[in-house]
Each structure stands twice: as C-alpha cells, then as structure tokens.
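Participant: Note that the protein sequences, when read in sequence, are chains A, B and C.
Residue numbers for the first sequence follow this note's numbering, so the first one is 1 and each next one is one higher.
Residue numbers for the second sequence follow this note's numbering, so the first one is 1001 and each next one is one higher.
Residue numbers for the third sequence follow this note's numbering, so the first one is 2001 and each next one is one higher.
No lab work stands behind these hints, which were simulated from the structure alone.
We put the CB at the ideal spot given by N, CA and C, even for glycine.
Among the clues, some could well be false.
Ranges between beta-carbon positions, derived for each pair [unchecked claim]: (1) B:Asp1313 / C:Lys2002: 33 to 43 Å; (2) B:His1119 / A:Glu559: 31 to 41 Å; (3) A:Glu275 / B:Asp1313: 49 to 59 Å; (4) B:Lys1017 / A:Lys391: 29 to 39 Å; (5) A:Glu275 / C:Lys2054: 37 to 47 Å; (6) B:Glu1014 / A:Phe173: 31 to 41 Å.
When the alpha-carbon atoms are kept at most 25 Å apart in a straight line, the in silico DSS-like pairs for lysine-lysine are as follows [to be verified]: (7) A:Lys317 / A:Lys336; (8) A:Lys29 / C:Lys2087; (9) C:Lys2002 / A:Lys85.
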Amino acid sequence: MELYRSHVLVCEGTGCHCSGSADVIQKLKEELEKHQLENEIKIVSTGCFGLCEIGPIVIVYPEGAFYSGVKSDDVPEIVSEHLLKGRIVKRLLYHDHVTEAGIAKSLDEVEFYKKQMRVTLRNCGVINPEKIEEYIAFDGYRALGKVLTEMTPVEVVEIMKASGLRGRGGAGFPTGRKWEFAHNAPGDKKYVCCNADEGDPGAFMDRSILEGDPHSVLEAMAIAGYAIGADQGYIYVRAEYPIAVKRLTIAVAQARNLGLLGKNIFSTGFNFDIELRLGAGAFVCGEETALMSSIEGSRGEPRPRPPFPALKGVFGKPTLLNNVETYANIPQIILKGPEWFASIGTEKSKGTKVFALGGKINNTGLVEIAMGTTLREIVYDIGGGIPGGKKFKAAQTGGPSGGCISAENLDMPIDYDSLTEIGSMMGSGGLIVMDEDNCMVDIARFFLEFTVDESCGKCPPCRIGTKRMLEILERITQGKGKEGDLENLETLAKNIKASALCGLGQTAPNPVLSTLRYFRDEYNAHVYDKKCPAGVCHALLQYTIVKDLCTGCTLCARECPVGAISGERKQPFTIDQDKCIKCGVCFEKCRFNAIEKK
Amino acid sequence: METVKVMVDGVQVEVPKGSTILDAAKIAGIDIPTLCFLKGINEIGACRICLVEVEGTRALQASCVYPVSDGMVVRTNTPAVREARRVNLELILSNHDRKCLTCVRNQNCELQDLAERFHVKDIRFEGESIHYPVDDLSPSIVRDANKCILCRRCVAVCASQGVGVIGPVDRGFRTIIEPIFNRSINNVPCINCGQCILACPVGAIREKDDVEKVWTALQDPNLHVVVQTAPAVRVALGEEFGMEMGTRVTGKMAAALRRLGFDKVFDTNFSADLTIMEEGTELLGRIKNGGKLPLITSCSPGWIKFCEQFYPDFLDNISTCKSPQQMLGALLKSYYVEKNGLDPAKVFVVSVMPCTAKKFEAQRPELSSTGYPDVDVVLTTRELGRMIKEAGLDFPNLPDEEFDPTLGESTGAAVIFGATGGVMEAALRTVAEIVTGKPLDDIEIKAVRGIEGVKEAEIQLGDLLVRAAVAHGTGNAKALLEKVKSGEKEYHFIEVMACPGGCVTGGGQPIVKAKKRMDRDPREVRAAAIYDEDRDKPLRKSHENPEVKKLYEEYLQEPNSHKAHELLHTHYVARQKY
Amino acid sequence: MKSLQELEEIRNKTRESVYLRKDRAGIRVVVGMATCGIAAGARPVLLAFLEEIKKRNIKNVTVTQTGCIGVCRLEPMVEVYLPNQEKVTYVNMTPDKVSKIVSDHIVNGQPVMKYTIGVDGR
C-alpha cells in the first residue's frame, strides 16, 4: 500500500457535485501529474461535509486546511502553493460567520463543526465511500464481527434497547422495541428494510450518509438481520439520488466480494444479503406501509395498521424497517456500548440528531448535534445566525409534517418530546429558519401545497381535506378570506389529524395548526384587515406614493406595465389602486424611496 | 373457537378471535356506518367513515379492518367520532357530483344513505371539483368519474377477477380510478363482467342503458319483437320491486313482458337444454375421438373474452357451442321465422340477461349465422326492472303466466345454468344417461354446487371415470387453468362462469348494498331459489325436453349435425390485450 | 469473510493509508518546503522520509511540509515533533541522514544530536 504525505479530500456529495467538484478532481489530477506529485499526494473523493452551500469543498490533510467554493481554476494555485510549497492558500479558506475576522481556519477550528458531535456523519467527508477498505480501516464491520461471534440475537436486541436509540425517520419510536417485536414475530422468513426514501423538502441527511458512508448502513442492516432472524434486506432508495444509488451499489458489491454480505458471514453460518429498490419519487413512500407496498411492486399507498410490519410486512412476512440515520448509529453503539450512546442527549432522547439547516441562515447545510442542544445554539453558533442581521421569527422542524418553533422557544433543548409538546415534531430533521420577512400564513400555505401535491389519494381526509384547507389558505393569502375561514381551517385540521389513514395525512395539518397557535394575529390581519404584516402576500400589499418624497420624475409611470400611475411632471404622482396589479416595479425603480409598500 | 372479550360502548361482547371491531359492534347491537368496505373483497379502511375510538391508540381507527383483542375498549359514538365521520362525509360529498335526482342509483345509493343517516344538510367545505368526461364507449359498461368517491371497491373486485384493468391513477386530489393511459374501458382487456357495477356504492359505474332501443322497437309496427329471459333473471328481478332476495318471479316476469308489448315471450332455458345436447355430444365426441380435452364450457361471454385475451392457448379447449342466448337468437331468426313465415329482417330479438358481457357478446360479428345478428338488444335484469316501473306495472301483484310455446319449454336442468356448477350438473345428468343408458341414482350433484371457488367431481359412467371441475369468477378460473397448464390437474370437463356465484350474481343483476351483503350472500340465496325452481320442474334432464326433441326431428336432425354447426356453434380468436 | 482476523488484516493494512485523516496526534515530521528549501534540496529529503517510514512499517507518523522555517542558509530543514517532547530541528539535511533520524529519533526517541541546529547549525 502506497504511503502519501498528503491527502486531498474532495467532496463528491450531491451538493458539491452540482457545484463542480468533478472538474476540481480532474484538474487536481492534471496538476499533480504536472508537478510529479501523484505519488506523494492522494486524492480522495468523499461524501458530504455538510456545508453544501459553499461547495465544492476541499480539505487537505494533515493540516486539515478547509477550502470552500473551490473552482477548477483555483486548483493550480492550491497545488503549486500548498501542496508543493506548503503555503496554505488563504483566500480560499472557509470564512467563518461566527468569528468576525473570517480568518484562516483549519477544519477543527471552524465554528460550524466545533459545536457539532458527529456520530452518524463521522465518516462523511473522511473516507472514500467507494472503498470498503477505508471503511474497514475506520473500524468498519467490526461491530458486525463482534455481534456474530460474541453475542446472541437477544443480546443484540437488549443492547439496542439499553442504548435508548429512537427512530430517526420521524416519529421517534424506540428502535430496540421495534427490533424486539420483529425478533419475537413468528416466521421462518423475515426481512430487514432500510427507508432511504428521504422526501421532506430540504432534508438530505440520509442522502449524505448513503453517499459518504454507505457501508455503515449495510453493516447495521446485517446486524439487524442477525438480531431478528432475517437473511434478506431491502434498501428502498429514491431514484432521484443517483450518487447514493451508485455508491450503495458499489458498496453492496464490495461487501459481497469480501464476504461481508452473502452466505456464512465470518464463518458463523449467518447469511444475509441486500438488494436495492428504487422509488419513483412519491413522498408517501417514506411511510412504512406504503414503502413496503412499493417494494412489492405495487402502487405506493399506506394501509391501516395493525397488522404492524413487525408481524406482517414485506410480502406479508415479519419485517423490520429503520431509516438510514438510525442505522448509521448502530455500529457505533455496538462498538462503544449502549452506555456510551445513552450518555449523549437528553433523558428520553439519546444520541445525536442530524439537522438540515435551511432558510434564512448563514450556514446552510448539515449539522449533527447532541440531542438537547437548543435552537439558539443551532441557529446562532452553528448556523452563523441570520443574514443581514434580521430578527429570528420562527423555525420549522419536521418539514411538511412538522410545525414551527417561535422565538419564545429558542432556548428550549431540542428533542423528540419537547418538539411534540410545542406542536411540532422532529421529523427527519429539516430545520428551516424564518425571519421577520416571512409571512407565516404563506409558510403554512407553502407546506400544505406540498402535502396536497403528495397525498396518495387513498383516504378522503387527506385527499379532499387538505385540498380544502389549501383552498381556504389560498383565499386568505389572496385577500379573499372571510368570517368562518379560520374556524373551518381548525375543524378540518383537527379532523384530518384524527382520521387520516396514515402518518402523513395525520400530520399534514401541523404547519397550519402550529402557525395558528403562535401567529394567530397574522391570520387575523390577513382575514379581517386584509393586510400581510410581513409584506409577502402580493394581493394584500398596497403601493402608495409618499407625496413629500415624490419629485414627479415620471419614471414609475413610465415603468408601470398597466398604466396605473399618473400625475403631472414635477408634481407628486398617484397610483390608481383599482388598476394596480402589485407587481412592485415602481417600488424597485423609484430613486427617491417615494413608494411605500404596505 | 378461541374468543376474546371486547367492550363496545359499555357492552361486553365475546367474539371469535380475528374478528374486526365492526363485527364485534354488530354483535353488541351497533351498526357502524361503512362505505368502502365490501366484505371479502375490499377491506382496506380507506374511506374513514367507520372510525371509532380504541382506548390506548392515538388517532381514530377504521373499525372495518381493526382486529379486536382481549380487553379492548371501543367507543363508537363519541363527539370526536361523530365529528370525524361527518367531516369526512362532507368532504366526500364536496367532491361528488350530487345530481341525485337524475342518477341511476337514486334511492339505491350507499352515499345517499349515509348523508341521510348523518343529517347532512349543508356542506361546510365546498371547493373545487375536477370535471371528467364520461366514458361510454363500451357496449357494456359506462364509467362516470364525476360520481366516483374512490372507495376502490371496483378496483378490488376487478383485481380479484384476475382482470385488473382499472386502478388509481395520479395521486392526491387528482386521483382517478380508470384504465391505464387514460384509455376507455372499451380499449383495455375488460371482460365486461360488470362486477364493478355491483361493487360500486354510488353511480360511478353503470351498465350501458339500452332501454330506449327496446321501447323504440316495441313502438315499431313493422317489427315482430320477441324476448327471451335467462335462467338467473327469474330469481332476482323481484328485488327491483322490493321483494325479498331469492323470490322466484318466473310467471310474473312472463306476464310483465307480455304487458310491455313483446309479441312473443320465450325462454333462454329452452336453448340451455339445447346447449346440453350440443355440448354433451361434443364432450363425448372428444373423449371418444381423442379430441382436445378438457372441454371447457362456453356459456359465459365474460369468460370467453377472458380466455381470448389471457389464455389463448386454451381456445381449442372451449366448446364451440354458442351461448344459450345466441343459440336461441339464431333459431329465432331461422327455425322460428321459417316456421311462422316471418321476414327475418323484421324479427327483433331482445334478451333479458343477468349479465353486462352479453351486450358485448351480442355485438360479435361472428354471431350472426343467418346474416342478421342473432340477438338485437340485450337488457340487464336492472333495465327490465326500469321498463316495468316506467310502464307502471304493479309487478308483485301480476298474475303468473307461462312462456310462449315451442321455444319456451324447458327442464330443471336448464334453470340451474343460473348458478355456478349448474351447467356441469345439467350436462352430467344427460351425458350419464347417454353413456350408461340409465339415469344417475341422484341427479342432484351436490359436489358441484355451492360457492367454493373451485369445485371438483368424479363421476363413474360405465368404464369411464369423468373428472370434472367448476370455477366461478375468472380469478378462480385463472388459478384452475394454471394447474391444468402445469399438468398438476387433469380433467375431462370444466365449467367456467366469469362471475363469482355464476349468473345469479352476474353484473346485470339487482345491486345488493354492501351492508346487506354482510348478512345475506346473494350467491347462496338466489342459487337456492334456482335449485327450488329445478326441483319443481316435472322434467329435470335436458334430453327429455319435448320441444328440443321436436327441433332435432323437424330441423336440426341430430346434435352436432351440419345444420346445428351452422346455427349453434362458433369459433374464437386470440385477442390482443392492449 | 471467513474470520475476524481477516477483517483485522484489511483494517491494519488500510490504516496506514488513512492515518493522516485519523490520528492527528502522533509524531510529525515537518519539512521546510518553501522556495529556499526546495532550492536547497528539500524534496529528496522529504521523499527519503516517506520511503524510510514505509520500509520500517512505522505507524502514527505524519510527514508533512511547511513554508519557510526562517533560517534559509541552513536549508533543507526538518522539524520532528514527538508527543510530549520538545521539537527537534535538523538542518542541512540530505537524504542519507534520514535513515539514522528515523531509527534513532522516531523509533527510539533519541534525537540525532549531531544533525541538529544546535550542533550543525553553528
């Protein structure tokens, strides 16, 4: 094995891939050859580092120099300066939002990473996900070896229970209990499934794990197979994740090749193999019964439970289903012990959780934090705060199934139960930050639009009920809200929650319910005053000309596409409200700030 | 039997393990409303009308699929339950084409029943509805998606038939039940069995209504309009007039038809007897001459289309006999017109069938032996009911009348064609006697009766051990054919009826609501009436039918003669599925 | 996969190639590779260190480069950091001095005093 003095890690996750990391790698290869450094310096393609917004990201070890936004044109400089002469290229270093100076940093010093605790993401951005040997070098498959050679299935289940791990896919069901049900279910044939149908808008932690550390999931599934008595696994992954699919395919092939999947693993007589199933992109297929229906080749639609999958799942057989992030924890729990895992987090939520930070925040990206971290720490310390120094208004967790956290709860430690208590949910970990410029009615409308679009259509509360809710919200944001609308919204929301067939339907009203709970004033303003306080809902805006500021330059009148502005030159102009279509052109064009938007 | 104790609204009941909350509530005397539930066919808990509270669970649960467990506490009438049911009902209504007055299912609609039960007076959640064009290209089935409430009962029954040509397309609010690629039901391998119509709780699927064509023909002084009625119609038509399920109305039906203005009222049972002569002879011929076996019956047009599309390898196994409807039609336009000096161009044959596939069958170009279509218009039992209502006949109080002679005489063997296993039983009654020269000890062959999906019988006829099988519902037929194909099973003779239960529950029969189906299985109740009809007949074997004998003497010479082949037999061709 | 030993072998074999990213606390050999160092012949020295460490199968050593260490006349210069010891700076390095530094200093913890800045740099 060749020894290199330096490793250049280039992120090949989806985010960085899209911003051009493949070109960077190509250029690196060329430049290294040009300087005859190819035998000294190794290029490693890795999975996601988490700071996707500023990709492509390149990290040079052993210094840990953290370059962001690297273009292929920057590569010659990195090679000739840093790799050849040892001079770090400061202009390309990541600039921190937290420390004012924005000075040169190595990876460990970046605030974004400092407060994180990377358990499931530990190998992401560190190993080459297409090389099983690198995973093994970082203790990969030792947990499987340990389980197979030293433990009984019951002991494995007990470890899972003792760890306190809860499902990371949304509802937070205790993983150990799920394993126990599947273990106890009678049947010769059982299945282990992995839910990699990540569909919450903005959430991409599962994709990152699959792209950056696919073997951790395979290893965990094999452990689960041993624990419950299954010899077949399915990974249900969305076809829209081509890189994840590719890496998983490679990983499965490599694991089979080394005999870590297949027959008689570690000479223990344990057989386990994994197949991929590609989803066609329906959000509902993330729901467990719909997912299993899709694995079987049918339309992805939920069915009522019971029977629960642990008794009757894929092809009617006992089935264990966990999501990607849940699995990624498991090898660590086996190796470091359940006590270690249980020592992280809060009383009822153990371990870490990955959040996808998005919206009005400086550091858009993936962060992994210990359960119990406060929203304030996430937004301000890790996320680098809100751009433009705007005021925090709310954060939406749990995507379209979740709800919002208002400013009053900024210091609440985040875990499954605290989020549920305030009417939101952990969900898969999307975290969208909103500032004073966001209209909460519009936000609720946005999420509901998503659910309406993604409803499978099987049960009326979800199929028709969410549609009716959306129609009401659309009316409200268009200034056509009327007496009784809010009450009808609440009636619908309450009943959809109580009576929809599956979890997706039951949680669909959450964004509306939680915004109604914390921001009812905004709803009232829309319905009764016909105003949008945040200035978002077009139809509710009014553009007026401030007489004292208007110079009568005629610019706005000339730009107005509908001829709604008139007046005499050098005299204040006026806007005909009946004609105005609220396009905002006048507001943009006026050089004297004479146009007011309210 | 293992039982569990369940508390429903404070009433403790003991029910078999594996029962649903719906079952348990019924025992406790509570009728939980249902909509998408169709026992044994569609148990998917989709419509969220049968919701109840189950202590210890978070959301409300669908009682139709929720299994009971010991000590379970259920509440079916709480404010939350009532509110949820009502909201869901209002939502369904908000997206339903509510033109009840002009709907084929007016007063026979399960959604209407619920709206009444829940006193829905105004709908709080009105909103957009998508307007869909009505698909009426099929000769048998009309689909109106504007009335569809997406309960999936039709989808489930179509799948259980092994056909599966309709299903949910698109998703969410845009979900529609339809064939693939937005095609017409006429343009996919639908077998026209009409089971979807029987399953539909509302008016989203109905038969193609041909009543007007019949009224027009009856009005036409130049036409000689004759009618024939299938065996199963006489045990179901009464239900259209509120009579008890299983009431036999043979005589009233003949009287009603005469009063509607038909020139002659004949009986398809006559040609059912004739079918036994032709098909029985064909069977014996094939056994004797080493012909293709097993011989499979050909009476059911849904089954024929199913076989042409899905099992073309078996087409040579199907009897070349036309169905009784077509046989009688062909005879009416040949033997009958010749005998009575009529112009075949001016004879208009209407048949009343328990079947929607018969409408398609009548249009087959090969079924016009005389140069004219054997049958001009096919009415379902339901359509005949409508005509009688429109004419203002007091059906339950009509006198009993007889069919017209010549083509109206029949035996008990003919009437049992209406129930699954009946053709087999009728054929064996005759074949046994032909082979052995003496009648069977017991002509009631119980092994082929009943609603078991596939039934088998072995009958020793002299040296010959005849192995027979009966399948009803094309789904069961499919399973049976697969076994024959693989060589697992070998038979001489197979009866297939496309509809589960046979013709008594054919797609053209009176619709029985899901609630009623839970208590009384029309397949059994109507079949019992069929067997009563058989028992009351003086003659119970087809070859004893004097008019059939006369027909052979006067016209056809003998079964499977050249003339018989010309008029009474047909051929099949493989059909493309898509 | 037949046994845990087999897994362990793969692990050990690969660990060498990834330790740069994994154990950043071990011994560090830093070669001055600014223009002055390169001009004075630092690259052959760096390569010799890599070669020697690999030959002896020593784990936990990072060979890295840095910019100008500041005393250009003594280039090529190499700094060796052992955990819990003061750094040792070697000057006027040549490839043939490398094997002794590796065996005495890196393996046995005894700096080769005669090559150090204190002795050779006078």
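Participant: Indicate, hint by hint, whether the structure satisfies it.
Facilitator: Comparing the hints with the structure gives:
1. B:Asp1313 / C:Lys2002: 33 to 43 Å: violated, 51 Å
2. B:His1119 / A:Glu559: 31 to 41 Å: For His1119 of chain B and Glu559 of chain A the Cβ distance comes to about 58 Å; the hint is violated.
3. A:Glu275 / B:Asp1313: 49 to 59 Å: At 33 Å between Cβs, range violated.
4. B:Lys1017 / A:Lys391: 29 to 39 Å: Cβ of Lys1017 of chain B to Cβ of Lys391 of chain A: about 60 Å, so the range 29 to 39 Å is violated.
5. A:Glu275 / C:Lys2054: 37 to 47 Å: holds, 41 Å
6. B:Glu1014 / A:Phe173: 31 to 41 Å: Given a distance of about 33 Å, which is inside 31 to 41 Å, the answer is holds.
7. A:Lys317 / A:Lys336: violated, 32 Å
8. A:Lys29 / C:Lys2087: Measuring from Cα to Cα gives roughly 34 Å; hence the hint is violated.
9. C:Lys2002 / A:Lys85: violated, 46 Å
Comparing the model with each numbered hint stated earlier shows that hints 1, 2, 3, 4, 7, 8 and 9 do not hold.
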